[in-house]
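Read off the chains here:
Protein chains: 2
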Amino acid sequence: MSSMPTIGDIYRARPHVYRHLRPPPLHQYSGLNDLVQAEIYLKHENHQPVGAFKVRGGLNLVAGLSQDQKRGGLFTASTGNHGQSIAFAARAHNIKATIAVPVGANPGKVAAMQGLGAEVLFHGNDFDTARQWIAEVAKEKSGTFVGPTDAPLIHGVGTYGLEIIEDLPDVEVIIVPVGAGSGVCGTAIVAKTINPGIRVIGVQSAQAPTMQQSWQQGRPVEGPMTTVAEGLATRISFANTQAIMARYLDDFVLVEDSALEEAVRLLLTHSHNLVEEAGAASLAAALQIKEQLQDKKVVLVVSGGNLSPERLSQIIR
Amino acid sequence: MSSMPTIGDIYRARPHVYRHLRPPPLHQYSGLNDLVQAEIYLKHENHQPVGAFKVRGGLNLVAGLSQDQKRGGLFTASTGNHGQSIAFAARAHNIKATIAVPVGANPGKVAAMQGLGAEVLFHGNDFDTARQWIAEVAKEKSGTFVGPTDAPLIHGVGTYGLEIIEDLPDVEVIIVPVGAGSGVCGTAIVAKTINPGIRVIGVQSAQAPTMQQSWQQGRPVEGPMTTVAEGLATRISFANTQAIMARYLDDFVLVEDSALEEAVRLLLTHSHNLVEEAGAASLAAALQIKEQLQDKKVVLVVSGGNLSPERLSQIIR
Chain A
-14 MSSMPTIGDI
-4 YRARPHVYRH
6 LRPPPLHQYS
16 GLNDLVQAEI
26 YLKHENHQPV
36 GAFKVRGGLN
46 LVAGLSQDQK
56 RGGLFTASTG
66 NHGQSIAFAA
76 RAHNIKATIA
86 VPVGANPGKV
96 AAMQGLGAEV
106 LFHGNDFDTA
116 RQWIAEVAKE
126 KSGTFVGPTD
136 APLIHGVGTY
146 GLEIIEDLPD
156 VEVIIVPVGA
166 GSGVCGTAIV
176 AKTINPGIRV
186 IGVQSAQAPT
196 MQQSWQQGRP
206 VEGPMTTVAE
216 GLATRISFAN
226 TQAIMARYLD
236 DFVLVEDSAL
246 EEAVRLLLTH
256 SHNLVEEAGA
266 ASLAAALQIK
276 EQLQDKKVVL
286 VVSGGNLSPE
296 RLSQIIR
Chain B
-14 MSSMPTIGDI
-4 YRARPHVYRH
6 LRPPPLHQYS
16 GLNDLVQAEI
26 YLKHENHQPV
36 GAFKVRGGLN
46 LVAGLSQDQK
56 RGGLFTASTG
66 NHGQSIAFAA
76 RAHNIKATIA
86 VPVGANPGKV
96 AAMQGLGAEV
106 LFHGNDFDTA
116 RQWIAEVAKE
126 KSGTFVGPTD
136 APLIHGVGTY
146 GLEIIEDLPD
156 VEVIIVPVGA
166 GSGVCGTAIV
176 AKTINPGIRV
186 IGVQSAQAPT
196 MQQSWQQGRP
206 VEGPMTTVAE
216 GLATRISFAN
226 TQAIMARYLD
236 DFVLVEDSAL
246 EEAVRLLLTH
256 SHNLVEEAGA
266 ASLAAALQIK
276 EQLQDKKVVL
286 VVSGGNLSPE
296 RLSQIIR
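Residue numbers (our numbering), protein chains in the order written: chain A, -14 to 302; chain B, -14 to 302.
To be clear, the hints were calculated from the coordinates, so they are not data collected in a lab.
Keep in mind that the hints are not guaranteed to be accurate.
Identical copies look the same in the list; a pair holds intra-copy or inter-copy alike.
[Unchecked claim] Result set (DSBU-like, lysine-lysine): computed pairs, CA atoms no more than 30 Å apart in a straight line:
#1 K124 to K281
#2 K124 to K81
#3 K124 to K275
#4 K81 to K281
Next up, chain A with everything else stripped away, as it sits in the complex:
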């Protein structure tokens, strides 16, 4: 097993990330302060190219490839933001990305990956089938397979953690949505190394509690997964991110899907940002645990904004 990432890895990722994007802002909205009765700051990862924090990880991963690996291209599986991130980073470095998606994947996200120049291959009926298959394809073609929690991805996404501390050195609590865990791990490594007094809290949907239960029980748990939030829809546990979370995470809460939808509406109203369900999970968690947050300086990571028009219509109806 590889050693645990450190803040040094994250500092080293910065030039690779900032070559292609600017730090998105940390904004306050008085309506959200009033709702939570705290000093609430949104870290706007939904303002990134491809609309999600994951692009930072993709850029760092691609920058670290050898010339041979670049020639062989990248292979990964995704139904959403991860695939767009890899496609964006591959295009930025002029290398080829091949992304496996399950049959019936969201046509909007497929079009976005193709629009970024990636080849999209349909295979199998779920993400895991597509992922196992594309890993074999990568091997046959001497390409590089990218898994969802590969270390360079954690190093890259951790750069937003540094930005939070730099923008708000007095931050007291950071709440981060958890899918496979790269975002919360990068954030927790940064926050706890710089100031162990900062509380880092993960949030997942109660309709996809696998990562939360694995963290709580200290062993890999598989569970039901019926959430509407694609970005939180983890069916299995990931060993490397669980190891980091076991060491650094202060708390890990579950919120109902209905609370995610309410948080999407609240973010539209008070911040005028379109946020996907996963990205709204941090606000949903803050509202759920608001008695712990009173008058504190709280950063909510808005991890992504890729809500489809169909879902938007359902949510605001």
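Based on these hints, arrange chain B on the given structure of chain A.
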């Protein structure tokens, strides 16, 4: 009459603006490229604090006040983004802002101004009445009245024009929504000074054509104003911005309100950004004149994102 602003004024505004905000990104979305059949970039002024480009102008104006003026406070009239901008800048410099709004003003925007610490006073039934009144109040109280096209505002908002050129030196066309004209004037001064070959095109609603008709006829025209787009809802012409537009603007198009609403929907679908009607005007114009834009590098200024939940529901229904 004061002399016309120059690019030097805009360079001088930068440190005042960047003390409080970061340049928002210039993003491409393949779906928009396909729609217009051009290389389309969105300048995301909707990502600013207070959700609109005007905050740049407010910050520059406040930074230039004397100690006496700061003590006297700022007085202005607004029904929307201008008032939030002045409130934000005043708070950043710890001075008082008093904003007159017409009776019946949008409660969400009033709450946002108050949330930024401004005192909001209701007076009269329309913007012009409120504005004339608050100018008198400012005089009585030895405060500083801020008009919508004051020179420091133009200098401040022009900073986004510089960012566009720095991010995309080969830009060929820039399309800018026009209300009172500060944004398009700042942009045009920058673009035409650096490269007269860049086409700068303004856009207003056909349901509020005053500024466009005044530009076209070369004399101040007043006209009907029934647009749904608050940010384009100009009923009168402004002499200082008209003088700049007469010198620098290449074209000025009108789009129907229905096209603004369609552009809001397209931006939600293809960029996952919530954009207000005025902010979507640049895309509406690009679609209207797409035969002139084929394969060109085109920047659409997305001037603001403050769409209310009620309007969003109406537009996507």
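Hints and how they fare:
In this assembly of identical chains, K124 and K281 lie within 30 Å of each other by CA distance neither inside one copy nor across copies; the values are 50 Å within and 41 Å between. Proximity of K124 to K81 under the C-alpha cut-off of 30 Å is restricted to the intra-copy arrangement: shortest distance 15 Å within a copy versus 65 Å between copies. For the homomeric pair K124 and K275, neither the shortest alpha-carbon distance inside one copy (48 Å) nor that between copies (45 Å) is at most 30 Å. Proximity of K81 to K281 under the C-alpha cut-off of 30 Å is restricted to the inter-copy arrangement: shortest distance 26 Å between copies versus 46 Å within a copy.
In the structure shown, a violation is registered for the earlier hints numbered 1 and 3, in ascending order.
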